[in-house]
Amino acid sequence: MRTPDARRARWSLAAGLVVLSPICAEYLAGYDDSTGDPFVLAASLMIFSPLYGAPALLIRETARRLGMRWPGILALAAAFGVLQAAVVDQSLFSEGYRDIPYWEEMIRPTYVEPLGLAAHTALAFVAGHAIWSFGAPIALTEALAPRLPTPWLRTPRLSRTPWLRAPGLVVTAALYLAAATLVLRDHLRTEPDHASAAQIGGALAVAALLALLALVPAVRRRPVLPDPPVLPDPMTSAAVLPDPAVLPDPPVLPGPSAASRRPPRPIAVAAAGLVAGLGFDLLPATWAGVAAGLALLALTAAVADRPARSPEWTGRHVAALAAGALTARTIVGFFVVPLGDVAPVAKYAHNVAFLTGAVLLGVLATRRRGGAGEGG
Numbered sequence: 054m055r056t057p058d059a060r061r062a063r064w065s066l067a068a069g070l071v072v073l074s075p076i077c078a079e080y081l082a083g084y085d086d087s088t089g090d091p092f093v094l095a096a097s098l099m100i101f102s103p104l105y106g107a108p109a110l111l112i113r114e115t116a117r118r119l120g121m122r123w124p125g126i127l128a129l130a131a132a133f134g135v136l137q138a139a140v141v142d143q144s145l146f147s148e149g150y151r152d153i154p155y156w157e158e159m160i161r162p163t164y165v166e167p168l169g170l171a172a173h174t175a176l177a178f179v180a181g182h183a184i185w186s187f188g189a190p191i192a193l194t195e196a197l198a199p200r201l202p203t204p205w206l207r208t209p210r211l212s213r214t215p216w217l218r219a220p221g222l223v224v225t226a227a228l229y230l231a232a233a234t235l236v237l238r239d240h241l242r243t244e245p246d247h248a249s250a251a252q253i254g255g256a257l258a259v260a261a262l263l264a265l266l267a268l269v270p271a272v273r274r275r276p277v278l279p280d281p282p283v284l285p286d287p288m289t290s291a292a293v294l295p296d297p298a299v300l301p302d303p304p305v306l307p308g309p310s311a312a313s314r315r316p317p318r319p320i321a322v323a324a325a326g327l328v329a330g331l332g333f334d335l336l337p338a339t340w341a342g343v344a345a346g347l348a349l350l351a352l353t354a355a356v357a358d359r360p361a362r363s364p365e366w367t368g369r370h371v372a373a374l375a376a377g378a379l380t381a382r383t384i385v386g387f388f389v390v391p392l393g394d395v396a397p398v399a400k401y402a403h404n405v406a407f408l409t410g411a412v413l414l415g416v417l418a419t420r421r422r423g424g425a426g427e428g429g
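Here the sequence shown stands for residues 54 to 429, numbered as in the numbering used here.
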């Protein structure tokens with residue numbers, strides 16, 4: 054059997070995340086007039102991949118370089134969610150975005166006049182980007198990472214290894230800025246209501262605060278690694294330098310005994326993610342719905358926190374939770390009325406295809422052993 058090439062594996066994983074992220078962000082619910090049109094969906098990835106996939110990759114690379122845990126990853130993802138909804142496409146501050154017929158009934162019950170936004174859409178957009186656009190694709194892609202032979206890396210876990218070097222990071226950031234600029238220019242040209250300078254400034258401040266909440270704890274606890282020794286390759290007797298970019302697994306936090314904190318099986322975690330995702334997506338656009346949504350997010354985080362501290366909680370559990378959330382979004386898509394004139398056959402074919410894909414991706418990610426050692 055041929056030894057997997059580490060560089061090719063990294064690039065494949067990075068490319069997979071860049072494609073999966075926009076699919077999760079824009080296609081699962083099937084809300085747009087492109088629903089059921091495979092050619093338009095594929096062509097739209099030319100814009101959506103740098104718009105969603107590039108920030109997802111930057112979030113993931115930052116997290117793995119700093120040894121960031123999942124609360125930090127989601128906080129950083131929420132920061133990008135604020136940028137996306139408030140600054141790039143400015144849907145957060147729009148009172149009639151793209152002439153969507155149900156926009157008024159979606160924003161009016163929780164509209165906060167001094168801020169020029171609706172609490173319901175603020176929660177739905179920011180949490181939606183943090184979980185579905187960025188968090189879930191990162192978790193699933195990492196779970197699919199192959200486990201390389203030990204001579205290639207100090208740790209064979211590619212799910213904990215940065216996938217890009219400095220040039221790749223620069224290109225990724227440039228692609229995101231180009232796509233974001235294109236979307237913003239289109240919004241300013243075609244939409245009548247634009248965010249004010251105060252709204253943009255407030256959104257940037259919130260995004261910066263979320264980024265600080267993610268980065269400061271990770272930087273403070275980042276381990277200082279000694280210079281690694283040169284290890285002999287038993288196959289060739291040649292010297293192979295261990296990968297200097299790999300950080301060790303974050304320590305398991307102290308608490309009850311491991312036996313008392315044994316996590317549930319991944320299928321149970323996926324079911325919990327499914328229930329939580331359905332509950333979040335089906336909440337009404339009212340103040341009661343906003344309160345219930347915040348409570349549901351807090352409850353899900355609290356319930357997941359205890360098993361996530363166990364040494365037996367792995368990347369497969371994280372992937373299962375993500376797969377459950379993605380599956381929930383595809384199920385909700387069956388009840389969504391797409392924009393434009395989409396034939397029922399095309400709509401339901403779209404829904405079935407993406408539901409099947411979400412389930413299969415979840416099964417594959419939770420059965421892979423390559424990321425079995427990473428979680429939290």
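Keep in mind that the hints were calculated from the coordinates and are not lab data.
Hints may contain errors.
[Claimed, not checked] Computed list of lysine to any residue pairs in SDA-like fashion (alpha-carbon distance at most 25 Å, straight line):
| # | residue 1 | residue 2 |
| --- | --- | --- |
| 1 | K400 | M159 |
| 2 | K400 | L413 |
| 3 | K400 | A226 |
| 4 | K400 | V412 |
| 5 | K400 | S97 |
| 6 | K400 | F387 |
| 7 | K400 | T115 |
| 8 | K400 | Y84 |
| 9 | K400 | L331 |
| 10 | K400 | P91 |
| 11 | K400 | D334 |
| 12 | K400 | W156 |
| 13 | K400 | G89 |
| 14 | K400 | V390 |
[Stated by the list, open to error] Here are the computed distance ranges between Cβ atoms for each label pair:
| # | residue 1 | residue 2 | range |
| --- | --- | --- | --- |
| 15 | L413 | T234 | 27 to 37 Å |
| 16 | R161 | V272 | 22 to 32 Å |
| 17 | G254 | V223 | 42 to 52 Å |
Treat the numbers as computed from the prediction; the structure is a model and nothing was measured.
No residue lacks a Cβ here, since even glycine has one placed at the ideal position from N, Cα and C.
Tell me, which hint numbers fail for this structure? Hints 3, 7, 16, 17 are the ones this structure does not satisfy, whereas the remaining hints hold.
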